[in-house]
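Peer 1: Protein chains in written order, with my numbering: chain U, 19 to 354; chain R, 526 to 984.
Ranges between beta-carbon positions, derived for each pair: (1) U:Phe-337 with R:Leu-650: 41 to 51 Å; (2) R:Gly-876 with U:Ser-317: 54 to 64 Å; (3) R:Ser-875 with U:Phe-337: 34 to 44 Å; (4) U:Ala-220 with R:Leu-871: 22 to 32 Å.
Computed list of chain U residues with no C-beta within reach of chain R, every gap over 10 Å: (5) Phe-28; (6) Ile-29; (7) Thr-31; (8) Thr-35; (9) Phe-89; (10) Gly-147; (11) Asn-149; (12) Pro-160; (13) Ile-166; (14) Gly-168; (15) Leu-195; (16) Ala-197; (17) Met-292; (18) Gly-300.
One-sided and incomplete, this derived list gives chain R residues near chain U with beta-carbon spacing under 10 Å: (19) Arg-801; (20) Leu-917; (21) Ile-966.
Please keep in mind that the hints were generated in silico from the structure rather than gathered at the bench. Being a predicted model, the structure only gives us computed values, none of them experimental. Cβ atoms here follow ideal geometry from the backbone N, Cα and C, with glycine treated the same way.
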Amino acid sequence: MTLAAIDWGFILTQSVTQAFDFNAVVYALAAIGLNVHFGYAGLLNFGQVGFVAMGAYGMGLSITLWQLNPFLAVVVGMIFAAIFALILGLPTLRLRSDYLAIVTIAAAEIVRLIARSTVMRPITRGAEGLNEFIGPFRDLSPFSASEIYGLGPIEWRGSQFFAVVVGWILVGLSLLLVAQLMRSPWGRVVKAIREDEDAARALGKNAYWYKLQALILGGVIGGLGGMVQALGNATVQPDFFVAPLTFFFWLVLILGGVGKVWAPVFGAVVYWFMITFIQNTGRQLVDEGLIPTSIMDTSQIDQIRFWIVGAALALLMVFRPQGFFGSREEMALDAR
Amino acid sequence: MTAILATLRTEIEHRRRLLGVLLLISSIFLIWGPGLASAQEGESVATRLRFENVDGDRIPIEGGRVTVETPDGEVIGEGFSDAEGNLEIPVPGPGNYVLTLDVETLPEGVVLRDPERVSTETQVLEGQVGRTIFPLIAGDVTIDTDDGVSLRQVLQLSVEGLKLGLFLGMGAIGLSLIFGTTGLVNFSHSEMIVWGMLVAYFFNFYGFAGFLGFMAGWPAPFGAGINLAFAALFAIAGGAGMGYAMDKWIFLPLRERGVSLISQMVVTIGLSLILRYVFLFIFGGSPRFFADYTAQSAITIGIVDITPKDLITAGLSVLILVGVGVLLLRTKLGKAMRAVADNRDLAESSGIDVQRVIRSVWVLGGSLAGLGGVFIGLSEQVSWNIGFRMLLLIFAAVVLGGLGTAFGALVGALVVGVGIQVSTLFIPTELKNVGALALLILVLVFRPQGILGRAERIG
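Produce the complete structure using the sequences and hints provided.
Peer 2: Listed below in C-alpha cells is the structure:
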C-alpha cells in the first residue's frame with residue numbers, strides 16, 4: 019500500500035503511446051473537421067460522430083458489400099460523409115444556429131440506431147458491426163502484422179502501426195488543405211459569413227451555399243477520422259459512435275484553440291496523454307489499495323474521463339473559450 | 526507517505542462518523558416510514574412468462590426455463606414456468622440477482638420484444654419476492670402489418686402514445702420556457718428528469734436517510750423506504766432544487782459575465798456529461814424498478830388495456846399540465862413568464878423583474894422534469910442513461926411545437942408520443958425513436974417555426 023509501488027515508467031510510456039496512437043488521430047481529424055465547422059464557418063455541429071460513423075461505414079460497406087478496391091472504398095466513405103452533410107445542411111442552414119445543433123445531435127443518433135438495428139443486419143451486421151473489410155487493407159500494409167514497430171519504449175504492433183502512419187499522413191494532408199483553403203478567397207468569405215452573415219450577403223455572397231460547402235468539407239474530414247478508426251480497430255461497430263464522443267471532439271477542439279489550423283492536433287495529443295495518464299494512475303491506485311474499492315473500483319476509474327471531459331468543456335468555455343492557441347476575436351460565439 | 530495514509534484514514538473515519546449520523550436519521554424514519562412488510566418466509570425471485578399475440582391477448586407460456594445468478598455470475602438455480610406462466614425460484618438472501626431467460630424453451634414464434642434483453646437484474650429485499658418481467662411478443666406482431674392493423678391496436682397504441690406524450694410534455698414545457706426566456710437550449714434538461722427519477726427511487730427504497738447516503742456516495746441499502754407517492758413529492762422538490770441551483774450558481778453568473786449563448790450551450794453539455802456519469806457512479810449501470818406499483822395487471826376500459834398506475838400517472842399529468850396552463854395564462858407570474866419569452870426588453874422596461882422570472886422558470890421546469898422522471902421510471906424502468914433518449918424526444922417535441930412556446934411544446938410532445946407508438950404498426954419497434962427524430966428533420970424542412978411557433982423566431 020505505497021505510492022512507491024506505482025509504475026510511473028509504465029504509465030508515462032502508455033500515455034505517450036496513446037497520445038500518438040490512431041485514437042488520437044481519429045480525434046484530431048474529427049476536431050479538424052469541427053474546426054472548419056465551428057472555428058471558420060461558425061456552424062454548431064453537435065453530431066460530428068455521425069460524420070465519423072458515415073465515413074467508417076462507407077469505407078467498410080464498399081468492401082464487404084460491393085467488393086470495391088481499398089482506394090475506391092476511401093472515396094465512397096468520403097461521399098457517405100458528404101451526403102450526410104447535405105441531408106443535415108439543406109434543411110437547417112437557413113435557420114438559426116441552435117437548430118443545426120439539435121438536428122445534428124439527433125441525426126448522429128439516427129445513424130447509430132439504424133446501423134445497429136436488426137432490420138439492417140444483412141447489410142451492417144447490426145450491433146456486431148463490420149470486420150471483414152480489413153483484409154484488402156492488410157494486403158496494402160508494408161508492415162508485417164505480427165512484428166513490433168516503434169521508437170524506444172513506444173511500440174505498436176504492425177497491424178496498428180499501419181493505421182497510425184496512414185492516420186498521421188491524413189492529418190498532415192487535412193491540415194495543408196484547411197490552411198490553404200482558409201487563406202484563399204473561399205476561406206475569407208466563410209469567415210466573413212461567420213462574423214456577419216448579413217454583411218456577407220449584402221456583398222452578394224450566397225451564405226447558404228458557402229455554409230453548406232463548409233459543412234461538407236468538415237464532415238468529410240471527420241469521415242476520414244472514422245476510416246482511421248476502422249483501420250486501427252479492424253472493426254466498425256455502431257456502439258463506438260455514441261453521442262458523447264462528439265463532445266470529446268469538442269473538448270479537443272477547444273483545448274487546442276478554435277480557429278487555428280493545427281490546434282486540434284495539439285488538443286488531441288494533449289487530451290489522450292492526460293486521459294491515459296489519469297486513468298492508468300487511477301487504476302494503479304485502486305490496485306495498490308490506495309483508493310478503497312468501496313469508493314471506486316477499476317471500472318469506475320474509466321468513467322472518470324466523462325467527468326473530466328464534462329468539467330473541462332464547461333470550464334474552458336467559460337474561462338478560456340479560445341483554448342491554448344486560439345484568439346478570442348476569431349470565435350463565432352455570437353453566431354446566430 | 527504516512528501523511529497521505531493518515532489523511533486517508535481520517536477520511537475513512539470521517540465517512541464512518543457520517544454513516545453513524547445517517548443511521549440515526551434513518552432510524553427516525555424507520556418509525557415514520559410505512560416500512561416494507563415481510564409477509565413471506567425467505568426470499569425468492571419470480572417472474573411470469575406470457576406473450577402478447579396479434580390481438581393483444583396475453584397468453585401464458587408453460588415450461589419456459591429461467592436461470593438465476595448473482596451479478597458476479599454465480600449460479601443460484603433454475604426453474605420452469607407452470608401452466609399459468611408463473612415461476613418462482615428461492616434465493617439465499619436479499620440482494621441483486623440476474624434472471625436469464627432460455628429463449629430456446631419458448632414456443633415457436635415467440636421472441637423477446639428487445640432481443641438483447643435475455644437477462645434482467647432484479648433486487649430482492651429482505652423477506653420479499655423480487656419480481657421481474659420479460660416482455661415477450663409473438664415474433665410477427667410488430668412486423669406483420671398486411672393483415673392485422675385493427676382499430677383496437679391503433680387505439681391501444683394511441684393511448685400508450687398519449688401517456689408517453691404527457692410525460693415528455695412535462696420535460697418539454699420546461700425546456701421550451703427556459704429557451705423562451707433566456708434563449709438557451711438546455712442540453713442538461715433531461716438530467717433533471719433522471720435526477721427526479723433517482724431521488725424518487727432512493728426515497729422509495731431507503732427513505733430520507735438512504736437518500737442522504739446516496740448523496741454521500743453510499744448506495745448501500747439502509748433506512749426505510751417511503752411510499753412512491755410521497756417519494757414523488759421529494760422528486761419534485763429535488764427537480765425544483767436542481768433547477769434553482771443551476772440558475773443561481775451556474776447560469777445567472779454566466780449571464781452576468783456576459784458569456785454568450787453558444788458558450789452557455791456548451792456548458793449545459795458539459796454539465797449533462799458530468800451529471801449523467803455521476804448518476805452512473807451512484808446508481809450503478811443496471812436498470813431497476815421502483816419498490817411500489819411495479820407489477821400490475823391491466824384493466825380493460827372499452828377495448829383498451831391500461832394498468833391502473835398508467836391511468837393515474839397520465840391523469841395526474843393532465844391535471845398538472847392544465848395547472849401549468851392556468852398558471853401561464855391567469856397568474857401574474859405566468860403572464861410575466863410569457864412576456865419575458867415574448868420580448869425580453871419590452872418586459873424589462875415594463876417593470877418585470879426578468880432575473881426573477883427566469884429563476885421561476887428554471888424552478889418550474891426542474892420540478893416538472895423531476896415529476897416527469899418519476900412517471901417515466903414508473904412506466905418504464907429507473908435507469909441512469911434514459912436521459913439522452915428523452916432529450917432527443919423532447920427536442921423533437923419542442924421543435925415540432927415551436928421552440929420557445931410552452932403550449933407548442935405540449936402539443937409537440939403529444940404528437941411525438943402518439944407518433945412513436947403508432948408507428949410501431951408499420952416500422953420495427955427498435956426503430957420507433959428514429960421515426961420521431963426523422964420527423965424532427967422533416968418539420969424543419971417544411972415548417973421550421975413548428976406547429977404553434979411564429980416564423981420570426983427562427984431566422
